[in-house]
Amino acid sequence: MEDVVAYMPLVLEGFWVTIFLSVTSLGVSVLIGIFGALASLSGPIFLRRVVGVYVMLVRGIPDLVLMLLLFFGGQKLLNDVGYWLGLWDYVDLSKFTVGILTIGFIFGAYMTETFRGGLLAIDRGQVESARAVGMGRVILFRRVIWPQLVFYSLPSFSNNWMVLMKTTALVSVIGLNDVVYNSFVAGRAVRDTFTFLFVAMVFYLILSALSDGAFALVNRYYCAWSTSGERR
Amino acid sequence: MSEVAEGRVVLSVRDVRKSFGPLEVLRGISLEAREHEVVSILGSSGSGKSTFLRCINLLERPTGGEIEVDGEVIGLRRARGGDLEAVDSRQLQRVRSKLGMVFQGFHLWSHMDVMLNVCEAQMRVLKRTKSEARERAEEELLKVGMSDHVKKYPGQLSGGQQQRVAIARALAMDPKVMLFDEPTSALDPELVNEVLKVMLSLASDGMTMVVVTHEIGFAREASDRVVFLDGGVIAEEGCKDILLNPQSTRLSSFLEMVK
Amino acid sequence: MEERSWVEWFEQASTNDWPLDVWLILLHWELFAMGLLNTILLVSLSLFFGGILAVVLALVRTYRLPVLSEFVWLLTYVERGSPLLVQLYLIYYGLSQFVFVRESILWVILGNAWWCALIAFSLNTAAYTSEIIRGGIKSIPRGEIEAAKACGMSVWSQLRSVILPRGFRYALPAYGNEVIFMIHSSAVVSTITVIDILGAGRTLNGKYYVVYEGFLMAALLYIVVIFITTKFMKGWERRWLDFLVR
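From first to last, the protein sequence lines are chains F, A and L.
Each step along the first sequence adds one to the number in the numbering used here, with nothing skipped, and position 158 is 158.
Each step along the second sequence adds one to the number in the numbering used here, with nothing skipped, and position 210 is 210.
Each step along the third sequence adds one to the number in the numbering used here, with nothing skipped, and position 6 is 6.
Quick caveat, the hints were computed from the structure, so don't treat them as lab data.
Remember, predicted model here, so these are calculated numbers, not experimental data.
One or more of the hints may lead you astray.
[Unchecked claim] Listed below are the simulated DSSO-like cross-link pairs for lysine-lysine, each with C-alpha atoms no more than 30 Å apart in a straight line: (1) Lys-151/A / Lys-98/A; (2) Lys-127/A / Lys-176/A; (3) Lys-95/F / Lys-207/L; (4) Lys-138/L / Lys-152/A; (5) Lys-207/L / Lys-138/L; (6) Lys-138/L / Lys-143/A; (7) Lys-152/A / Lys-207/L; (8) Lys-143/A / Lys-127/A; (9) Lys-151/A / Lys-138/L; (10) Lys-240/A / Lys-151/A; (11) Lys-151/A / Lys-207/L; (12) Lys-127/A / Lys-149/L; (13) Lys-151/A / Lys-130/A; (14) Lys-176/A / Lys-207/L.
[Claimed, not checked] Okay, the calculated bits of chain A under chain L, using three or more residues with CB under 8 Å as the criterion: (15) 120-132; (16) 233-240.
Don't be surprised by glycine CBs; every beta carbon is placed ideally from N, CA and C.
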């Protein structure tokens with residue numbers, strides 16, 4: 001039992017890594033998502049095709065494969081490019097960076113679909129009537145487009161977050177010290193993988209519960225005006 | 001529409017009460033229907049007429065009362081919420097199969113075509129074979145005038161057509177009593193007649209019917225008895241003449257309003 | 001779990017002149033064929049068993065059976081709230097540390113990576129799918145269920161004739177997504193020594209100190225599998241009318 005306590009700090013470090021990783025990846029994916037959604041809705045045709053291929057790739061390749069490919073493949077690519085250009089011999093790709101980029105890349109595709117759907121669902125008529133009244137673009141966005149965008153994207157967005165948060169566990173496979181990796185290492189050291197893995201699982205369950213709660217709050221704040229939805 | 005006044009009692013409902021929490025919607029309603037009788041139930045919104053009808057086949061659970069169908073009393077016991085529930089689910093199913101119900105919203109099964117809608121319950125509840133069910137179905141669909149639409153799906157039919165299929169579906173079960181819950185209230189005015197025509201011919205064929213309706217015209221033409229519900233009790237009942245000569249003030253003011 | 005030797009073969013691989021050794025991949029077609037077979041088998045069986053379990057779970061929650069309902073809620077919450085990887089590790093690594101597990105009959109199953117994966121995947125997909133089915137059942141218009149009751153149908157008949165067919169029909173698009181996610185998630189078995197598609201790729205990489213060949217081939221195979229599956233599911237969606245009418 002003492003061993004378990006002794007290793008807790010290590011596991012806690014893993015907690016923070018996971019949380020930080022999740023949040024930053026979310027940020028990256030949102031940025032990509034906004035850009036992707038706008039591009040696919042109102043960009044030039046070639047850009048739309050690019051986004052289409054991007055989404056198709058992410059849908060068609062498992063997250064773990066992409067992660068391994070980007071980590072080891074990316075590492076090798078950087079080395080090869082350096083070798084061919086004669087610029088550098090060996091560059092160390094940070095696992096953390098790869099983790100954020102991979103997860104951000106993957107969920108950027110899902111967020112693109114989310115925001116696309118959200119933008120498409122906004123009632124054009126409301127935008128028109130706001131323009132007709134003389135609303136400027138900034139105000140229009142803030143008071144008409146944004147609230148509706150949030151409302152229509154929220155379920156899909158929250159779903160993406162829940163999946164993203166769990167997908168971060170995959171970084172343990174490339175050796176990044178997230179909660180799963182650290183728990184496993186600690187478990188192996190103490191010959192009690194079960195306890196530590198269980199702790200890791202509970203960590204995720206708590207994170208899920210907190211996320212559920214947070215989204216419920218956002219839902220109530222932003223979406224109280226809606227007439228649709230479950231009122232029974 | 002029938003002459004037999006001394007027919008066998010096929011439906012007997014005694015002292016039905018229903019409360020939704022503190023609100024008492026039905027305050028002791030008793031009704032009897034004899035074979036081949038057509039009973040119309042009228043009343044303003046909120047008078048509890050639909051609730052009463054739904055208590056007969058226990059789609060709503062009454063808070064008190066007794067229900068007897070074709071000589072068989074439905075065994076009831078008090079459930080946890082305070083309402084009565086059926087003791088024996090098999091008996092309930094059997095009794096329900098003797099009561100054909102037509103809903104305001106038709107409620108055809110939208111993933112089945114017309115023929116299957118009319119056959120499904122026959123096969124599942126009455127355990128008829130597919131060919132037996134089809135035969136019966138074709139008979140009833142002919143009666144309601146929907147024979148040409150057997151392969152169509154409910155989504156492709158108008159409201160009036162759907163309701164007629166719903167009537168055929170209920171008839172194919174060979175019920176002892178047909179219960180109609182405001183069958184034309186959800187229909188556009190021009191579609192109401194086709195359904196009323198079917199109901200009138202049913203009545204003249206001698207089917208025992210209990211009809212909750214707004215259509216005073218139908219009540220006047222087809223009913224053997226008219227029951228007027230108000231505030232959860234029977235305010236007046238009698239033969240269809242009461243519609244022309246209401247005895248109570250409540251009925252006469254109601255008739256004034258719907259004119 | 002990855003070990004540090006990857007670093008070593010980096011330096012090896014970095015001196016490789018060819019961009020992509022296609023011949024190497026072709027030579028090892030059997031390896032990838034086995035990987036493909038394992039992935040398909042694992043995913044199909046998990047979906048099958050998980051699907052059956054999902055219907056049971058969904059009905060338990062829909063009809064609010066006492067005690068069981070709460071238990072199902074808990075199971076669903078745990079399955080959906082934690083990563084599949086952790087669940088897999090718990091079953092494969094975690095359980096194997098207990099002596100009573102190792103010495104019981106169950107060890108035949110629990111000691112085998114493939115079976116552990118099947119169990120973990122089936123439970124996981126059962127939880128997600130049961131939620132999808134529940135959502136489908138909730139979307140059924142109440143009136144159609146009432147009409148079934150009014151005809152005298154037993155609960156079993158109601159389920160057979162109305163609730164399950166309609167519920168499944170509503171659930172189909174969401175279930176299509178779940179199938180795709182299952183294929184995505186299946187790649188994690190390669191971390192517990194099962195040779196699925198990704199496992200084949202990693203094996204190739206590890207054996208010949210290459211990087212691109214194994215992963216790219218694996219990625220390609222996954223794309224093909226998912227593409228075919230998506231087409232299949234879309235076809236199913238279009239045919240649901242026929243599918244449901246007996």
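Hint check:
Simply put, Lys-151/A and Lys-98/A have alpha-carbon atoms about 27 Å apart, close enough for the 30 Å limit, and the pair holds. For the given pair, Lys-127/A sits about 18 Å from Lys-176/A by alpha-carbon distance, which is consistent with the 30 Å threshold. Proposed proximity of Lys-95/F and Lys-207/L is supported: the alpha carbons are some 23 Å apart, at most 30 Å. The hinted pair formed by Lys-138/L and Lys-152/A meets the criterion: a straight-line CA distance of about 26 Å does not exceed 30 Å.
This hinted pair does not check out: Lys-207/L and Lys-138/L have alpha carbons roughly 52 Å apart, beyond 30 Å. Restraint check for Lys-138/L and Lys-143/A: the C-alpha separation of about 35 Å exceeds 30 Å, so the hint is violated. This hinted pair does not check out: Lys-152/A and Lys-207/L have alpha carbons roughly 62 Å apart, beyond 30 Å. For the hint linking Lys-143/A to Lys-127/A, the alpha-carbon distance of about 23 Å falls within 30 Å, and the restraint holds.
The hinted pair formed by Lys-151/A and Lys-138/L meets the criterion: a straight-line CA distance of about 28 Å does not exceed 30 Å. A threshold of 30 Å between alpha carbons decides the hint, and for Lys-240/A with Lys-151/A the separation of about 40 Å lies outside it, so the pair is violated. A C-alpha spacing of about 62 Å is found between Lys-151/A and Lys-207/L, which places the hinted pair above 30 Å, so the restraint is violated. Restraint check for Lys-127/A and Lys-149/L: the C-alpha separation of about 16 Å stays at or below 30 Å, so the hint holds.
For the proposed pair Lys-151/A and Lys-130/A, the alpha carbon gap of about 16 Å is at most 30 Å, so the pair holds. Distance restraint check for Lys-176/A and Lys-207/L: the Cα-Cα separation of roughly 79 Å exceeds the 30 Å cut-off, and the hinted pair is therefore not satisfied. Coverage of a stretch by a chain is defined here by at least three residues with a beta carbon nearer than 8 Å to that chain's beta carbons; for the stretch 120-132 of chain A and chain L the count is 4, and the condition holds. Figure legend: the stretch 233-240 of chain A, annotated as covered by chain L; annotation inconsistent (0 residues with Cβ-Cβ distances under 8 Å, at least 3 required).
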